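Protein chains: 2
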Amino acid sequence: MIESDTVFAIVGLGVLGGSYIQALSKMGYKCIGIDIDEEAVQYAMKNHWIAAGGTDSSLVQKADIIVSCLYPHVFVQWVKENQKYFKAGALLSDVTGIKREIIRDINAELREDVEFIACHPMAGKEFKGIQYADAARFANANFIIVPTAENTPEAIASAHQLAEILGFTKISQLTAAEHDRMIGFLSQLTHVIAVSLMNVSDNTHLVDYTGDSFRDLTRIAKINEDMWPELFELNKDNLIREINEFSQELLRFRDLLAENDTEGMKEKMIQSTERRKKFDKS
Amino acid sequence: MIESDTVFAIVGLGVLGGSYIQALSKMGYKCIGIDIDEEAVQYAMKNHWIAAGGTDSSLVQKADIIVSCLYPHVFVQWVKENQKYFKAGALLSDVTGIKREIIRDINAELREDVEFIACHPMAGKEFKGIQYADAARFANANFIIVPTAENTPEAIASAHQLAEILGFTKISQLTAAEHDRMIGFLSQLTHVIAVSLMNVSDNTHLVDYTGDSFRDLTRIAKINEDMWPELFELNKDNLIREINEFSQELLRFRDLLAENDTEGMKEKMIQSTERRKKFDKS
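Heads up: the sequence lines are chains A and H, in that order.
First residue of the first sequence: 1, per my numbering; consecutive thereafter.
First residue of the second sequence: 1, per my numbering; consecutive thereafter.
Rather than coming from a laboratory, the hints here were simulated on the basis of the structure.
These figures come from a predicted structure and were not determined experimentally.
Some clues are possibly wrong.
What the hints assert, rightly or not - Which residues of chain A face chain H? A partial, calculated answer using Cβ under 10 Å:
1) Glu3
2) Lys26
3) Lys30
4) Ser172
5) Thr204
6) Gln248
7) Thr262
8) Glu263
Virtual Cβ for every residue (Gly too), placed ideally from N, Cα, C.
Isolated chain A, as found in the complex (with noise of 0.2 Å):
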């Protein structure tokens, strides 16, 4: 469990990372961290954020929590590098936004006497870099701990009290297999929409007719180019699915309208408006 002298180390200082730290920190938690880039160190030293940082992934070894929160190839690379620093009884946990194939490509290499515990922080964020850290956006984000089997009771209560210092309200478990179906459908396919929106054809010259609802549909076709194509190939089979039977939704709409089923198009906006009115926030 989380005691008050327990030592975090965040690896991979950007948005996510360098929100965990900066909750971390306020909450009194000693943080070390790490990243490639010495001026993402650099602004959380600034910012106390930090006890100890740098370059330089060693600097591990006195952490009892490690939070990867890098992109997925990445973090099972400096696992497989740097896990000769990780102090005896560690235990490691991430970001990363699907789950099945990192926590089976994590715990084939992990050692023995180190634990994986799987989470994902559903606060991100479309702009890279620490200096877009908030840590009060966790408030109201959802925290989802994905256990495996394998996973001890503390391990996961460990991740439980993580979040709650952090400052999530939601917080809930999933396994690898539902975590990816929802994410799939969820956060994946509705990128892919917004992006596909954007690119159907070059529509910039209707700026000054752009309302609330195109503003709304695209907001999140502003997207991180280096992290996404990543997630989405390791989220394949569900992502495909959830674009097919999308895809296969539109063109049913569209051929009610070409039929000038007016009945079928109205069933079809009564249902959505149904549906649509259990996501209103209360």
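Go by the hints and put chain H onto chain A.
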């Protein structure tokens, strides 16, 4: 032109009609309100938005400017039945969301001594009814005047003046073809996407995991099912083309993913990010 003693008749007291009389009365103009629903008229009376009103369309006879805030087919039918009451030289306008067919149909019916100037205030709302009237929304919305070769410069100038009185600051002119093409993409396609995303399967069990992205993309899936199918049918050529092109773009993205074409997906994301930046509000 609109003078201080110009009398307006607003026909159809829903969200838009209600907002029109609210804004016009606030600016000191005399308004007559007509609706088949006596309660909507009473609501307008109680708020001092109209000087006279009722369910009887002959009330329109004292108006210099008549604005239909009716659904398209009701608008055409109403003009057929009630233009005998129109004052000679009256100006007729509207708020219809599609333009080619409505302009053709109204002009085919309209008396020679009355001029129709088509307008589209892009300030709709997902809710129905005068109780949602709120002219404050006009300030940030687009008012589009859609003149034909038959319109007089005076009528176009009056429409411009009306938009200013209502509080619109973004006022522009388009041809009916330009208007319907723009609306097919920016407004109609986006509504079809939102409706289809809610309908693709019952994902309401995911509400606990839903973040802003999904909520933003589906906000307009709450939709007035009495109005939109009709608007879609009146712009069928444009909307079907937009659905087809968008669907093809979606499937191109799916194919890049299926082929693990990381670079191809990156390029799509760089393009969507660049284009979307142009739509950021300044």
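A quick look at each hint next to the structure:
1. Glu3: Result: violated, 30 Å to nearest chain H Cβ.
2. Lys26: violated (23 Å)
3. Lys30: Violated, about 31 Å.
4. Ser172: holds (7 Å)
5. Thr204: Result: holds, 5 Å to nearest chain H Cβ.
6. Gln248: holds (8 Å)
7. Thr262: holds (5 Å)
8. Glu263: Given a least distance of 8 Å, the restraint on Glu263 (chain A) holds.
In the structure shown, a violation is registered for the earlier hints numbered 1, 2 and 3, in ascending order.
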